[in-house]
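S.K.: Chains as they are written, first to last, in my numbering: chain W, -15 to 112; chain X, 3 to 261; chain G, 239 to 822.
Hints are computed from structural coordinates only; laboratory data are not their basis.
Among the hints, a few may not be true.
[To be verified] Once the Cα atoms are required to be at most 30 Å apart in a straight line, the calculated DSS-like pairs of lysine-lysine come out as:
(1) X:Lys243 with W:Lys(-7)
(2) W:Lys(-7) with X:Lys231
(3) X:Lys120 with G:Lys673
(4) X:Lys120 with W:Lys(-7)
(5) G:Lys537 with G:Lys496
(6) X:Lys93 with G:Lys560
Spelled out from the first residue to the last, the chains are:
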Amino acid sequence: MSSSVYTPKLPRWWWLHHAGYRRYMVRELSCIPIGVFAVMLIVGCWRLEQGPESWQAFRAALATPLALVWQLIALAFAVYHSITWFALAPRTMPLRIGARRLPASWIAGAHYLAWAVLSLLVLRIVGG
Amino acid sequence: MNPSPMPVSAVGANALRTITLEVFRFRPEQDPLPSWQTYQVPCREEWVVLDALNYIKDHLDGSLSYRWSCHMAVCGSCGMMINGKPILSCKAFVRDFPDHIRVEPLGNLTVIRDLVVKQERLLANLSAVKSWLIPKTPAAADEPYRQTPVQLDQYRHLSMCINCLLCYAACPQVALNEGYLGPAALALAHRYNLDSRDGGTFERMQATASADGIWECSFVGECSEVCPKHVDPAGAIQQMKLASSLDWFARRLGLGERS
Amino acid sequence: MQTFHADVIIVGAGGAGLSAGIAVAEQDPSLRVALVSKVYPMRSHTVAAEGGAAAVIRAPDTLEDHFRDTVSGGDWLCDQDAVDLFVAEAPKALTRLEHWGCPWSRAEDGRVQVRSFGGMKNERTWFAADKSGFHILHTLFQTSQRFPSIQRFDEVYALDLLVAEGAVGGLTGLSMQTGEAMVLLAPSVIIATGGAGRVFPFTTNGAIKTGDGMAMAYRAGVALKDIEFMQYHPTGLPGTGILITEGARGEGGILVNKDGYRYLQDYNLGPPDPWPRRKAMEMGPRDRLSQAFWHEQKKGRTIKTSAGDDVVHLDIRKLGEKFIDERLPMVRELSRAYVGVDPVVAPIPVRPVVHYTMGGIDTNIDTATDLAGLYAAGECACVSINGANRLGSNSLTEILVFGTRAGLQAADRARSQVDRPATNWDAQIQASFGKVSGLMARTAGNESIVGLRGQLHGLMEGAAGIYREDAPLRAACAEIAGLRRRYRELAISDHSKVFNTQLFQALELGAMLEIGEAMVHSALARRESRGAHQRLDFPQRDDVQFLHHSIARSGGQDAPSIEHKPVNISRWPPGERVYGGAAK
Chain W
-15 MSSSVYTPKL
-5 PRWWWLHHAG
5 YRRYMVRELS
15 CIPIGVFAVM
25 LIVGCWRLEQ
35 GPESWQAFRA
45 ALATPLALVW
55 QLIALAFAVY
65 HSITWFALAP
75 RTMPLRIGAR
85 RLPASWIAGA
95 HYLAWAVLSL
105 LVLRIVGG
Chain X
3 MNPSPMPVSA
13 VGANALRTIT
23 LEVFRFRPEQ
33 DPLPSWQTYQ
43 VPCREEWVVL
53 DALNYIKDHL
63 DGSLSYRWSC
73 HMAVCGSCGM
83 MINGKPILSC
93 KAFVRDFPDH
103 IRVEPLGNLT
113 VIRDLVVKQE
123 RLLANLSAVK
133 SWLIPKTPAA
143 ADEPYRQTPV
153 QLDQYRHLSM
163 CINCLLCYAA
173 CPQVALNEGY
183 LGPAALALAH
193 RYNLDSRDGG
203 TFERMQATAS
213 ADGIWECSFV
223 GECSEVCPKH
233 VDPAGAIQQM
243 KLASSLDWFA
253 RRLGLGERS
Chain G
239 MQTFHADVII
249 VGAGGAGLSA
259 GIAVAEQDPS
269 LRVALVSKVY
279 PMRSHTVAAE
289 GGAAAVIRAP
299 DTLEDHFRDT
309 VSGGDWLCDQ
319 DAVDLFVAEA
329 PKALTRLEHW
339 GCPWSRAEDG
349 RVQVRSFGGM
359 KNERTWFAAD
369 KSGFHILHTL
379 FQTSQRFPSI
389 QRFDEVYALD
399 LLVAEGAVGG
409 LTGLSMQTGE
419 AMVLLAPSVI
429 IATGGAGRVF
439 PFTTNGAIKT
449 GDGMAMAYRA
459 GVALKDIEFM
469 QYHPTGLPGT
479 GILITEGARG
489 EGGILVNKDG
499 YRYLQDYNLG
509 PPDPWPRRKA
519 MEMGPRDRLS
529 QAFWHEQKKG
539 RTIKTSAGDD
549 VVHLDIRKLG
559 EKFIDERLPM
569 VRELSRAYVG
579 VDPVVAPIPV
589 RPVVHYTMGG
599 IDTNIDTATD
609 LAGLYAAGEC
619 ACVSINGANR
629 LGSNSLTEIL
639 VFGTRAGLQA
649 ADRARSQVDR
659 PATNWDAQIQ
669 ASFGKVSGLM
679 ARTAGNESIV
689 GLRGQLHGLM
699 EGAAGIYRED
709 APLRAACAEI
719 AGLRRRYREL
729 AISDHSKVFN
739 TQLFQALELG
749 AMLEIGEAMV
759 HSALARRESR
769 GAHQRLDFPQ
779 RDDVQFLHHS
789 IARSGGQDAP
799 SIEHKPVNIS
809 RWPPGERVYG
819 GAAK
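Work the whole structure out from these sequences, hints included.
M.R.: Now the structure itself:
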């Protein structure tokens, strides 16, 4: 008795349809450059362990124009991911003190603060 | 609630703006495939798209099918894709749209006819997540539980869900995984999790933390963007992920169940 | 055709229907409940109720005060035994809902908060911000999911009751999604289909409130009681008829005319205190406030909107943005969206709008009709606790109290009928579906749904509005009879089975014509003014001749007959309704 129905298919390029979907896709894609950068860090550690020459060669390789461009891209994605993630943090972790809901800006702000502190700490260790 | 839209003569000619409504038609008994049909509708300034559809139904084409009832954005019947975005047609003011408006059934859902989609998936999922109060302590016979305004505020925004399915239409995961419980059902599960009277979080986790539950959500976030009642299902789902992860660790560390 | 057997069939899945279903399931999980509705439960019009639900919760309020406010509010047409039962059950019903998770607004100490509504001596209205009906409906629906014995038949349109030997045995219906014929059989049937505001053109009622359930019972020979009493709510938005809750006035909103004058003081409702005085001014009963608007309009003291509507202004500005957002968020949301007015900075244009059907299916205090096995609860029923004018915030409580009661009664009967011999329903089933196939088969006809409905609307508003009179009512009786004849020639253009909304609009129109006819005949017969029924030609209440319920019985294709039935006046003889400064 039941007659036919129409089931729409999600178009292959659905994620190009709206700005919101595109922003989401960029955030998802950011895992690739960030992941590659993480692998580079691990390689760096491994080279460091092999001795000073290996470490110097690794550093030289990082300083080539192509590598620099790649690192800039990875940085851009990491910053984009962090900013969008921090913006969502107040919704993921709503906090209150007593009866008051903490303003979203405070929660996001705390994330930025933690980011800055950790970055300074790393710079201190690496640089110092 | 509007009296059925009036014929042009009664509309008041000075306030009319003629718009073109391009409407998705699907009549399985006549044609196994959907098609588009356009109508010219004289609209009054304060009309919403639903009023324009009612005008079509009453004066141009009685065969156009869609659901509606309250005309005040609370019954959740009249969600549609209007110019590609899920919205309640009773809240979509014609004045906010260009002269050409495209109306489709809610996305990601099976179309029964024209603008009418199947809603059984939401209803089944609401039951699956146990979206009802599972009391933490037995209620006193004639005495309400105490709940402070602060405790009420924890879950109140989540209790505003009108089950209109706009979030299902906005969520690509709903389309990609037919079993996914979906934003509205998960948000309502969390509504009860956050209720000071409720003790059912762990029981609900059997569904919400399953393979078709919260971990299917990749935080596209569009569900919250389109929600007409500002429920923020995306936020609720992330909170559940956090709670579920903490629960997992707590049990690994032998700290027993959190609930 | 599909046939289903159940123990209790409930038609309508709003507040009353869901309450009934839960009551049956809690009472006896072995009873099979069939919950039939033409919409998904959460679309039911309970969802649109805003203000709240009345129940005595703490001193100084008393059951006696609730009783007296209700009976005097109803202009002594309420059955007092029913009101006594109602006010006693009300606190239990609302507490039960609290136990199921309803997010009632709270005081700082965690207790449920109450506010005052029009015509109330004390603060008595439980509320969930200004979305009380929405929260009640969703709490009930979500709770109902716990019970496996409740089987839902969503989007099934109930057509006709099956009746044999003075008892109901089930009903016929149509699946809206497939067009398939369905027969549901059970020894108990509860009708909980809501009111019939859609019989009028300008109403707060959603599109679904077309009186189908009332008409179904009426066709089966059950009477409609006090169906001439239609409540106008004094504050609807012009154009859409969207309701601005009485809570807005309860919190301190005032009504002013074009001169900025609080005109209610001219209608025995003063003094115009700057604060909300109970039972006075803006806190007077709905019938009085709507009638005052009518007089202001006649005196030319209302305000004309750009669309040509006459309105007065509801001013809540002095409450301030923070308070409005906390206690009346929906008022702000609705006014901004639908009339482009932010009530924080400007007054809201409002006018009276058809809101509530006081009358309905005639039941006794146990929700039983005089057809064995048939029960009715909620707005579609007339128990009667609302009399000639319903007190604001009694209706949400009513659906809970009497919905539950109907469920328990129906369950008892179902258990007592297990050995009932099978009846052959074939002839009735064929007749019922025959009407639908006749309508579907008719391809030529000059009558249209929109044409007939528009004429009905015009007649109802013209003859049975805030004020009524003999001649227009007589004319309306004749003309509606004509519309009913023409309805039999109605042809529809859509002949498909799948989700044929035109077919259901046509069936709804049939119900509306029957209910509208019963309304004008009952209004014509009541030659007095009482509550929401105001006759220009009989401006006084007449307790000698008319302190009785009107009983309208269907005459089939002919005019209904109007009979009488005594009002239960068990303990408070009729007195004067006193509002304003003189009210106690």
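S.K.: Now look at each hint and say whether the structure bears it out.
M.R.: Quick rundown of the hints versus the structure:
For the proposed pair Lys243 (chain X) and Lys(-7) (chain W), the alpha carbon gap of about 28 Å is at most 30 Å, so the pair holds. In summary, the hint linking Lys(-7) (chain W) to Lys231 (chain X) is supported, as the alpha carbons are separated by about 27 Å, within the 30 Å threshold. For a cut-off of 30 Å, the pair hint linking Lys120 (chain X) to Lys673 (chain G) stands: about 28 Å separates their Cα positions. For the given pair, Lys120 (chain X) sits about 15 Å from Lys(-7) (chain W) by alpha-carbon distance, which is consistent with the 30 Å threshold.
As the CA atoms of Lys537 (chain G) and Lys496 (chain G) are separated by approximately 11 Å, the hinted pair is consistent with the 30 Å bound. Between Lys93 (chain X) and Lys560 (chain G) the alpha-carbon distance is near 24 Å, which keeps this suggested pair within the 30 Å criterion.
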